[in-house]
Amino acid sequence: MLTKRIIPCLDIKDGRVVKGIEFKNLRDAGDPVEAGKRYSEEGADELVFLDINASAENRKSTVDLVSRVAESVFIPFTVGGGISEMEDIRKILRAGADKVSINTAAFENPELIKQSSEEFGVQCIVCAIDARKKEEGSWEVYLRGGRQATGTDAVEWARKASGLGAGEILLTSMDADGTEDGYDIELTKAVAEAVNIPVIASGGAGNLKHLADVIKCGKADAVLAASIFHFRQHSIREAKLYLQKEGIPVRL
Amino acid sequence: MIVVIDYNLGNIKSVFRGFEKIKAPVKISSSSDDINKADGIVLPGVGAFKKAMENLDSLGLTGTIKKNIVSGKPYLGICLGLQILFSSSCEHGETAGLDIIKGKVKKFGAGLKIPHMGWNSVQYEEKTPVFKEVGNGSYFYFDHSYYVEPSEETVCATTIYGNEFT
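Chains as they are written, first to last, in my numbering: chain A, 1 to 252; chain B, 1 to 166.
Just chain B, with the same shape it has in the complex (with noise of 0.2 Å):
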């Protein structure tokens, strides 16, 4: 079972419609049991960065999401819930994130349109299991005034918009 968290913050709907139309065994929730339970979880974005931490905080979920993926359970940030993991966001002040990935959440910088919003392509080097259907160059949606630049090598794609991002 796949838990998406529901957070009060979130498009949560249409990454769950999602898992059904695959297929998956899916379940919306907000509640540790099932985030300990759950074969996999998934953060969804659309939100600001500090009301998110303030959210999982108030839901007593922020040391059950870190205990899950420091475990190794899988776990699917999309967006914000990829951000969060961060050691800290600027978004609104600087904000404390997870911490499991050392590294800043950014906003970008001057010169450009903010957001970054449309579709852009992604690329990548080498395939990793996320990307195993996905051809080199596909397109996706962004949206977003931020992104997440780590301290260490974990990058598996970048698309590029003024620099190059991951």
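Isolated chain A, as found in the complex (with noise of 0.2 Å):
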């Protein structure tokens, strides 16, 4: 059976990891590598690192650390924050990389999501969308690493993105992230049923009955989560064993 996945987050800034809002403990999640060998041996289903700055700054993702990270870490991994090309995704592939994220630039230019899924295959091309509330039910898309408005809205967005060749949605709610009071349920439950592809819940875990609302209630496929495993207030194996009590299928 197909198991939810449980996908810690690692923001990436000046080749470190960043911490959430409370910063705690955090000794050895100041690198990523270890942080991510860590993780796979935890037993996360998978990793995603995003370059937090990229994005806003115009950088590219830093190949290097991926093939770093590719060397220690036996897990999928999904890279994003910059990426803004075809040459970016063939470099951030060719690194080690399993899947790259897309964010600001398949926005502004949705053309990239056709061509890269043509050439590298749908799987590997993540559309990321940062959504605000608008109203009761509807939520705006918002870019450059939720600094700039757009007008759109998120669940059209991923609809349409969906049908440009995105393989996932990496959907994050800008209200609840970083607030650790749980996950836009209504939020990820509109997109998910929208599209026909993955949506990867993100922005919001705080505790473990979080995971399961969004997977149950929001119908996410996957749950992304940063500070409940960055600060060791979980670990992934008790995230795990939780959900599977809770009925949810997982690797173990």
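Source of the hints: derived by calculation from the structure; they are not laboratory data. Certain hints may be false.
As the list claims (entries may be wrong) - Straight line, CA to CA, 27 Å or less: simulated DSSO-like cross-link-like pairs of lysine-lysine:
| id | chain 1 | residue 1 | chain 2 | residue 2 |
| --- | --- | --- | --- | --- |
| 1 | B | Lys27 | A | Lys37 |
| 2 | A | Lys160 | B | Lys73 |
| 3 | A | Lys114 | B | Lys23 |
| 4 | A | Lys189 | B | Lys107 |
| 5 | B | Lys73 | A | Lys37 |
| 6 | B | Lys27 | A | Lys91 |
| 7 | B | Lys127 | B | Lys21 |
| 8 | A | Lys245 | B | Lys113 |
| 9 | B | Lys27 | A | Lys114 |
| 10 | B | Lys13 | A | Lys114 |
| 11 | A | Lys219 | B | Lys113 |
| 12 | A | Lys114 | B | Lys132 |
| 13 | B | Lys107 | A | Lys219 |
| 14 | A | Lys160 | B | Lys21 |
| 15 | A | Lys91 | B | Lys50 |
| 16 | A | Lys114 | A | Lys216 |
| 17 | B | Lys113 | A | Lys133 |
| 18 | B | Lys51 | A | Lys160 |
| 19 | B | Lys106 | A | Lys37 |
| 20 | A | Lys160 | B | Lys107 |
| 21 | A | Lys114 | B | Lys106 |
| 22 | A | Lys216 | B | Lys113 |
| 23 | A | Lys37 | A | Lys134 |
| 24 | B | Lys132 | B | Lys13 |
| 25 | B | Lys127 | A | Lys91 |
| 26 | A | Lys189 | B | Lys113 |
| 27 | B | Lys73 | B | Lys50 |
| 28 | A | Lys91 | B | Lys51 |
| 29 | B | Lys50 | B | Lys104 |
| 30 | A | Lys13 | B | Lys13 |
| 31 | B | Lys51 | A | Lys114 |
| 32 | B | Lys23 | A | Lys37 |
| 33 | A | Lys209 | B | Lys113 |
| 34 | A | Lys160 | B | Lys106 |
| 35 | B | Lys107 | A | Lys114 |
| 36 | A | Lys91 | B | Lys132 |
The task is to assemble the complex, starting from two chains supplied on their own in separate frames and drawing on the hints.
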């Protein structure tokens, strides 16, 4: 049976993992390679590395980091941040990443989704969407790390991206992100029901129940979390045992 | 020496590092000469079928790979590397494959989320050498929209997503 995935997210700035809101006990979460290795050994299903500064400053994701991660991490990993052209994608995949996540560039140049999925296959093109609630049942897409509003409806954009060839949606609720109050279940559900590709819920995980809720009620195929794992609040294994107890299929 | 074929697509590094980890002599190459001399060849995945065949053609490797497989050289096709052994695929229009295994590469059917993505368990009835040290029901990571449907009995293990596939 296909299992639900738990994906630790490593936000990278200047080659280091950066914190969420409460900066505690981060000693060995500082190095992306070490953190990635630890999560991989703990049983994470996948990893996501996001260069959080790259998009804003037009920097390319560091191919170098990807190479180093690929040397010691033996689970699939996705790399995002600042990817804007085919050559970026080729370099990152060649360096050892399994998938790339494209956000701002995909929105501004939707043709990139089409081209890249035709060359590298739908399965490795992840479309990342940052969304903020506008009114009840409606969310707006933001670009450049949440700094630029687009006026476009998030569900509509997800549907379009899927049609163009995105293989997965990485959906971050800007309202929930960093709050640790739980994922935006309504948003996740709206997108998961609108598209026929997997949806990764992101933003707001504060405890294990939040993970189960967004899978059960939000229809997420995978859950992304940072602080609950970085700060050692919970191990990946604990999270999986909890989900299993809730009747959710996981890989143990 | 194992040769991992570089065809300008594919996640070649992760396969390469896998062999390094088990200390097997391995080389990444797109030369016919290397492939001919290799003890075994690996064609890794990540890529679209049509583009893969185009790249293999333009590198002049299509005939070399076919010849080596037919002569009995061990070949490990991962993901797309498995798919191209088949007669044809419907990914981005009907495209001919190497036709070593008769059958087609088809897209998953309606009602399923596509791609089939994540860890799923793999079952086998009879242990073939590939599964020598792999437990029945072990999890493998899947990430694909297409699956192979052989027209002859060549299957050694299956998994379930919608329907059972190989």
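To see whether the hints hold, each was checked on the structure:
1. Lys27/B x Lys37/A: Roughly 25 Å between the alpha carbons, so the hint for Lys27/B and Lys37/A holds.
2. Lys160/A x Lys73/B: This hinted pair is violated, its Cα atoms lying about 45 Å apart.
3. Lys114/A x Lys23/B: Violated - the C-alpha atoms of Lys23/B and Lys114/A are around 39 Å apart, more than 27 Å.
4. Lys189/A x Lys107/B: 25 Å, holds
5. Lys73/B x Lys37/A: 35 Å, violated
6. Lys27/B x Lys91/A: 19 Å, holds
7. Lys127/B x Lys21/B: 24 Å, holds
8. Lys245/A x Lys113/B: 25 Å, holds
9. Lys27/B x Lys114/A: 32 Å, violated
10. Lys13/B x Lys114/A: Measuring from Cα to Cα gives roughly 25 Å; hence the hint holds.
11. Lys219/A x Lys113/B: 12 Å, holds
12. Lys114/A x Lys132/B: Since the Cα atoms of Lys114/A and Lys132/B sit roughly 40 Å apart, the hinted pair is violated (cutoff 27 Å).
13. Lys107/B x Lys219/A: This hinted pair holds, its Cα atoms lying about 23 Å apart.
14. Lys160/A x Lys21/B: 41 Å, violated
15. Lys91/A x Lys50/B: Roughly 21 Å separates the two Cα atoms, so the pair holds.
16. Lys114/A x Lys216/A: 31 Å, violated
17. Lys113/B x Lys133/A: 26 Å, holds
18. Lys51/B x Lys160/A: Roughly 24 Å separates the two Cα atoms, so the pair holds.
19. Lys106/B x Lys37/A: Outside the cut-off at roughly 36 Å; violated.
20. Lys160/A x Lys107/B: 20 Å, holds
21. Lys114/A x Lys106/B: Roughly 20 Å separates the two Cα atoms, so the pair holds.
22. Lys216/A x Lys113/B: 16 Å, holds
23. Lys37/A x Lys134/A: Cα-Cα ~39 Å, so violated.
24. Lys132/B x Lys13/B: 24 Å, holds
25. Lys127/B x Lys91/A: Violated. Lys127/B to Lys91/A sits at ~38 Å, over the 27 Å cutoff.
26. Lys189/A x Lys113/B: This hinted pair holds, its Cα atoms lying about 14 Å apart.
27. Lys73/B x Lys50/B: Holds, because 25 Å separates the two Cα atoms, which is no more than 27 Å.
28. Lys91/A x Lys51/B: The hint holds at about 17 Å.
29. Lys50/B x Lys104/B: Answer holds: Lys50/B to Lys104/B is near 14 Å, not above 27 Å.
30. Lys13/A x Lys13/B: Since the Cα atoms of Lys13/A and Lys13/B sit roughly 25 Å apart, the hinted pair holds (cutoff 27 Å).
31. Lys51/B x Lys114/A: Roughly 14 Å between the alpha carbons, so the hint for Lys51/B and Lys114/A holds.
32. Lys23/B x Lys37/A: 20 Å, holds
33. Lys209/A x Lys113/B: 25 Å, holds
34. Lys160/A x Lys106/B: 24 Å, holds
35. Lys107/B x Lys114/A: 18 Å, holds
36. Lys91/A x Lys132/B: Violated. Lys91/A to Lys132/B sits at ~35 Å, over the 27 Å cutoff.
Taken one by one, the earlier hints fail for this structure at numbers 2, 3, 5, 9, 12, 14, 16, 19, 23, 25 and 36, listed in ascending order.
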